[in-house]
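Q: Sequence:
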Amino acid sequence: MSTSTLERPAAGGGTHRDPELSGSPALATLRRHWRAASLLGVLVVWVVAWAIFKDQYTLVIGGSARTPVFDWLGDRSAWVEQAASNGSNPFINLAGAIADLVDSVFGWLQSLFTVAHFPRPLPQIGWLGTIAVAALVAYAAAGWRTLALVVPCFLAFGVLGYWNDAVDLLIVTFFAVVVSCLVGIAIGVLMAHSRRVSAFVTPILDVMQTMPPFVYLLPMSILFGIGPAAAVMMTLIYAAPPVIRITAHGIRSVSGPVIEATDSLGQTGLQRLWNVELPMAKRTIIAGINQTMMAALSMATIAAYIDSPGLGQPVLDGLKRGQLGTSFVAGIAIVIMAVMLDRSMTAAGFRAELAARAGERGGPFRRVGLAVATVGTLVALYLSHNYIWANEFPAQPDLGTPLRNAVDRFGEWLRTDLSHLTDGIQRGFTDYGLNPIQSLFADSPWFVTAAAILAIAAVVGGRRAAVATVLCLGMILGLGLWNHAMETLTACIVATVAVVVLAVVLGVLMGRSNRVDVGLRPILDMGQTLPPFVYLVPILILFGPNRFTAMLAGVVYAAPVAIKLVADGIRAVSPNTIEAAEMAGSSTWQMITKVQLPMARSSVLLATNQGLLYVLSMVVIGGMAGAGALGFDVVTGFRQSSAVGRGLAAGITIVLIGIMLDRITTYGAQRASATSPDSRA
Numbered sequence: 001m002s003t004s005t006l007e008r009p010a011a012g013g014g015t016h017r018d019p020e021l022s023g024s025p026a027l028a029t030l031r032r033h034w035r036a037a038s039l040l041g042v043l044v045v046w047v048v049a050w051a052i053f054k055d056q057y058t059l060v061i062g063g064s065a066r067t068p069v070f071d072w073l074g075d076r077s078a079w080v081e082q083a084a085s086n087g088s089n090p091f092i093n094l095a096g097a098i099a100d101l102v103d104s105v106f107g108w109l110q111s112l113f114t115v116a117h118f119p120r121p122l123p124q125i126g127w128l129g130t131i132a133v134a135a136l137v138a139y140a141a142a143g144w145r146t147l148a149l150v151v152p153c154f155l156a157f158g159v160l161g162y163w164n165d166a167v168d169l170l171i172v173t174f175f176a177v178v179v180s181c182l183v184g185i186a187i188g189v190l191m192a193h194s195r196r197v198s199a200f201v202t203p204i205l206d207v208m209q210t211m212p213p214f215v216y217l218l219p220m221s222i223l224f225g226i227g228p229a230a231a232v233m234m235t236l237i238y239a240a241p242p243v244i245r246i247t248a249h250g251i252r253s254v255s256g257p258v259i260e261a262t263d264s265l266g267q268t269g270l271q272r273l274w275n276v277e278l279p280m281a282k283r284t285i286i287a288g289i290n291q292t293m294m295a296a297l298s299m300a301t302i303a304a305y306i307d308s309p310g311l312g313q314p315v316l317d318g319l320k321r322g323q324l325g326t327s328f329v330a331g332i333a334i335v336i337m338a339v340m341l342d343r344s345m346t347a348a349g350f351r352a353e354l355a356a357r358a359g360e361r362g363g364p365f366r367r368v369g370l371a372v373a374t375v376g377t378l379v380a381l382y383l384s385h386n387y388i389w390a391n392e393f394p395a396q397p398d399l400g401t402p403l404r405n406a407v408d409r410f411g412e413w414l415r416t417d418l419s420h421l422t423d424g425i426q427r428g429f430t431d432y433g434l435n436p437i438q439s440l441f442a443d444s445p446w447f448v449t450a451a452a453i454l455a456i457a458a459v460v461g462g463r464r465a466a467v468a469t470v471l472c473l474g475m476i477l478g479l480g481l482w483n484h485a486m487e488t489l490t491a492c493i494v495a496t497v498a499v500v501v502l503a504v505v506l507g508v509l510m511g512r513s514n515r516v517d518v519g520l521r522p523i524l525d526m527g528q529t530l531p532p533f534v535y536l537v538p539i540l541i542l543f544g545p546n547r548f549t550a551m552l553a554g555v556v557y558a559a560p561v562a563i564k565l566v567a568d569g570i571r572a573v574s575p576n577t578i579e580a581a582e583m584a585g586s587s588t589w590q591m592i593t594k595v596q597l598p599m600a601r602s603s604v605l606l607a608t609n610q611g612l613l614y615v616l617s618m619v620v621i622g623g624m625a626g627a628g629a630l631g632f633d634v635v636t637g638f639r640q641s642s643a644v645g646r647g648l649a650a651g652i653t654i655v656l657i658g659i660m661l662d663r664i665t666t667y668g669a670q671r672a673s674a675t676s677p678d679s680r681a
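The sequence shown: position 507 = 507 (the UniProt record's numbering), numbered continuously.
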């Protein structure tokens with residue numbers, strides 16, 4: 001072999017030997033894999049320190065203990081509650097005015113569709129008129145195929161027995177999504193055009209996306225009262241970040257040469273935004289609106305804790321009474337609504353884009369169809385306003401009751417026939433998997449664990465990740481819940497490993513086989529939209545309330561997103577690359593491990609990042625399932641006024657853990673991409 005493959009010209013002339021290829025083979029291997037070697041070294045030192053100093057300086061705090069930080073946070077919450085009650089604070093008064101406005105608008109919409117409008121004993125518009133209006137909007141915005149989806153979905157709400165609850169949830173979702181989009185798209189545009197705005201808003205979005213909703217249940221109920229207003233505002237906080245981030249990304253992604261070409265024509269900044277940037281980013285923005293709708297729907301059950309109308313109430317009632325069937329049927333109605341809104345929004349955006357490219361409003365057939373649909377809608381509105389049969393959804397057919405009973409029988413079978421098997425699985429995983437890892441994190445001295453986490457952050461993500469880790473760990477330490485934070489961190493890491501394994505295995509299968517993709521994708525869609533409370537019940541029946549149950553619920557919640565990301569990454573590998581590998585005689589295993597997974601590396605890293613954040617978002621629900629630690633602290637703070645400060649501290653700690661893990665994985669992915677072979681010049 002020619003030495004030119006081993007040497008490259010040095011800056012001052014002559015040759016410069018590649019350091020990875022100089023010296024002994026063992027040294028060259030160590031240099032190539034220095035990160036893995038460094039991580040192994042950190043782990044060895046950590047285990048040795050744990051063995052020597054176990055159960056010392058662990059900062060364990062009792063369940064009823066109070067600290068100055070807890071008291072201070074509790075006092076701030078009490079001050080807000082007192083200011084809200086006596087109306088002495090202008091900000092509180094403004095929140096009250098907003099609540100009154102939202103409640104009045106929501107009440108008016110309910111009187112139209114779901115609640116009797118005095119002196120009428122029934123709403124103004126009944127089920128027939130509501131379906132007709134929805135069908136007309138679907139046909140006008142997205143075509144007859146979407147109409148054929150929307151009408152059966154609305155009928156399903158009725159035959160499942162949840163017509164009024166479904167329409168109420170649609171009203172809450174519509175209200176929150178409209179406000180989210182009006183505010184979010186504007187903020188996203190500002191972020192795309194200003195680095196200062198982006199630097200200011202991004203940390204706020206991080207907090208909004210990582211703060212468990214249970215943490216701000218109490219502040220929302222204090223500021224806006226119990227009912228629709230608080231539910232809408234809480235849903236707004238949770239649902240707005242996706243449309244803001246995705247809008248900013250879409251505007252930034254507009255081609256630079258296109259903007260330069262239009263600027264040369266003398267257009268103003270507002271004209272450029274309206275005529276160039278927004279139209280070219282339209283598909284991306286619609287995707288952001290879609291994600292915002294899904295996020296708003298996912299809040300249905302949690303918002304029911306503050307008396308939000310909608311399908312969340314029957315889900316929560318079924319959980320309180322131990323009625324799996326009631327929760328499941330209402331959850332299925334939420335899934336149907338999510339699928340309907342998702343497909344309708346996607347189809348509407350696609351149709352609008354085609355119409356804009358064609359420069360036409362539609363042919364004569366479409367105009368006639370719209371005219372006929374409008375007349376039919378007016379007739380349906382008249383009938384539903386004046387006739388009881390068209391106003392109250394008929395009691396038959398009833399699919400909800402038999403489905404509810406069947407699910408209840410299935411739950412009883414799980415409880416009686418499989419408990420001995422599932423108990424063994426739970427105990428084995430906890431004793432031999434979770435407990436040793438949790439002991440390493442939580443039973444080591446706090447400074448040993450902190451130093452180990454900081455070293456791992458520096459090796460994986462570099463200097464920026466180390467700085468973020470120092471700040472987050474310092475604040476976690478100051479909040480006084482270090483030991484519980486380490487227990488929560490352990491559960492999140494173990495659950496994320498399980499999520500990544502599932503994502504790689506199933507994602508590769510989906511990416512390589514269209515049949516597998518078609519079979520699994522509807523199941524993944526259901527997993528993403530079904531309220532976590534619904535599948536938490538059968539998991540509780542199988543495994544009981546414990547840490548394993550909470551982790552399993554987190555895996556079920558996070559896996560669909562990660563699997564889809566890996567599948568899309570595998571599918572995006574160039575066919576030319578696949579063909580070249582096949583011509584070289586690669587086996588299936590070699591194709592996956594040497595070609596497809598390395599080429600889809602960024603997707604796998606993104607799946608890991610999102611899996612971490614989704615698992616972390618289940619911490620509070622896991623606290624209800626026996627996980628303890630920070631999730632239980634948050635739930636206790638919401639239920640007991642004396643523990644409000646502790647609950648707020650736990651919520652802030654969860655946010656800090658999320659930010660720390662996000663920065664480590666994000667910066668680690670950037671470093672990995674920068675040093676990967678395909679990124680080198």
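These are calculated hints, taken from the structure and not from any lab test. Owing to the predicted nature of the structure, the values given are computational and were not obtained by experimental measurement. The beta-carbon is built from N, C-alpha and C at its ideal position, and this holds for glycine as well. Take the hints with a grain of salt, since some may be wrong.
Stated by the list, open to error - The following label-pair restraints were derived from C-beta to C-beta distances: (1) P364 with T577: 18 to 26 Å; (2) D423 with G478: 38 to 46 Å; (3) G376 with M280: 45 to 53 Å; (4) W589 with I259: 45 to 53 Å.
Said to hold, decoys possible - EDC-like mimics (lysine to aspartate or glutamate), calculated; alpha carbons at most 20 Å apart, straight line: (5) K594 with D568; (6) K594 with E582; (7) K594 with E579; (8) K54 with D71; (9) K54 with D431; (10) K320 with D408; (11) K54 with D568; (12) K320 with D431; (13) K282 with D342.
Q: Given the hint that K594 pairs with E582, does the C-alpha gap stay at or below 20 Å?
A: 12 Å, holds
Q: Please check whether G376 and M280 have a Cβ separation lying inside 45 to 53 Å.
A: Violated, at about 37 Å.
Q: For a C-alpha distance cap of 20 Å, please report whether K594 and D568 respect it.
A: Holds - the C-alpha atoms of D568 and K594 are around 18 Å apart, at most 20 Å.
Q: Note whether the CB distance of P364 and T577 lies within 18 to 26 Å or breaks it.
A: 48 Å, violated
Q: Starting from K54, check that the Cα of D568 is at most 20 Å away, please.
A: Not satisfied, since the Cα-Cα distance of roughly 44 Å exceeds 20 Å.
Q: Does K282 pair with D342 here, judged by a C-alpha cut-off of 20 Å?
A: Roughly 16 Å between the alpha carbons, so the hint for K282 and D342 holds.
Q: Please test the hint of 45 to 53 Å on the beta carbon pair from W589 and I259.
A: 47 Å, holds
Q: Holds or violated: K54 and D71, Cα atoms, limit 20 Å.
A: 30 Å, violated
Q: Holds or violated: K320 and D408, Cα atoms, limit 20 Å.
A: 14 Å, holds
Q: For the pair supplied as a hint, K54 and D431, is the alpha-carbon distance within the 20 Å limit?
A: 18 Å, holds
Q: Taken at face value, is the distance from the CA of D431 to the CA of K320 at most 20 Å?
A: 30 Å, violated
Q: When you check the alpha-carbon spacing of K594 and E579, does it fall within 20 Å?
A: 14 Å, holds
Taken one by one, the earlier hints fail for this structure at numbers 1, 3, 8, 11 and 12, listed in ascending order.
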